[in-house]
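Chemist: Residues per chain are reported as follows:
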Amino acid sequence: MTNTINEDIRELNLSYLLVAQRILREDEVAGAARMGIDPDTAEILKKLTLAQVTALAHSHSVICSFRLNDAQLLTSLTKQPFRSSLQQARATLALTQQMIPQEATTSA
Amino acid sequence: MPKEEQKPLKPTSKARSILQEGDEIALAVRMIKLGARLQLLDKETSLSMGRLSRLYHEVMGRSPSKGMLPYSIDWFMTWHANLHATLFYSLYLTIRKQPGINKDIEAIIRAYEMYLEHEEVKVDEEPVLSFMRAWMLTRFFRSNALQLAPCTSCSISFITHKHALIKDYKCGICNPPIRIAASLDKEKTTDTESDSVYA
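Those protein sequences? They're chains G and U, same order as listed. Each residue of the first sequence is one higher than the one before, starting from 1 at the first, in my numbering. Each residue of the second sequence is one higher than the one before, starting from 1001 at the first, in my numbering.
What the hints contain is simulated information worked out from the structure, not anything from laboratory work. Heads up, a few of these hints could be off.
With a Cα cut of at most 30 Å, we get these calculated DSS-like pairs of lysine-lysine [claimed, not checked]:
#	chain 1	residue 1	chain 2	residue 2
1	U	K1097	G	K46
2	U	K1066	U	K1103
3	G	K79	U	K1122
4	U	K1103	G	K46
5	U	K1122	G	K47
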């Protein structure tokens, strides 16, 4: 028997939160950078209990957002089939740069 | 070429606590393992050159290489170097702001370690961007010689000269040199063109 969409969403939310906690607990610095979330949020997320996580996951909306939520960016990352290692590098660039304040790019 | 002037001696270890010295040695060891040379170790720790040399020998099993650092800013503009340097620097800028990071060199180390994890880096025997070049890169940015400019085609930012015209800038991937263009192609696989999970 296959899941309903709502069940899929709940599973997605739960998986996301559990993996997020694992990422943050293992290495807070690299973890927050890779997840693209603020340090304050990361701190809270890390400490949520399983009960709190399950409650958060129990939603009809998807709790995580798509970080490549920009038409130009998504097109440029997907239209040309580069070798996978290059795609990985470009994705890292696109995602990490989302978290950099604009001023930092033009001054040290 | 004029010889390097004698540097003033560093304060002796008696002036620092043993714990501090232990921390500095641990930091130096991490950097040596990543490829740091004496000039970097000298700038980033207060350990004496003699001590650093000995430490280097203990960690690497050989003497540190001597001589001036040959790195120029133009190197960072070549295709491969530009991609790798931008990758490292983007990671560095993200990590630098984090509360767990209280020294700049710590951000450089963590960013470099994350850089090394990427397949594009692992593909080569030696990483295109060495730890020394990564460190020099942050210094070049601090001295205002470089900036990050967005590509007008893919919107991802890459390292360019500080006052380069960026109105029509295209990155090395959107506008590759001819010799590079062929090697950018997707790896040939035997998979069918469209795989659907629900097929």
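Chemist: Indicate, hint by hint, whether the structure satisfies it.
Modeler: Tested hints:
| no. | hint | verdict |
| --- | --- | --- |
| 1 | K1097/U / K46/G | 19 Å, holds |
| 2 | K1066/U / K1103/U | 27 Å, holds |
| 3 | K79/G / K1122/U | 25 Å, holds |
| 4 | K1103/U / K46/G | 24 Å, holds |
| 5 | K1122/U / K47/G | 34 Å, violated |
Violated hints amount to a single one, hint 5; each of the other numbered hints is respected by the structure.
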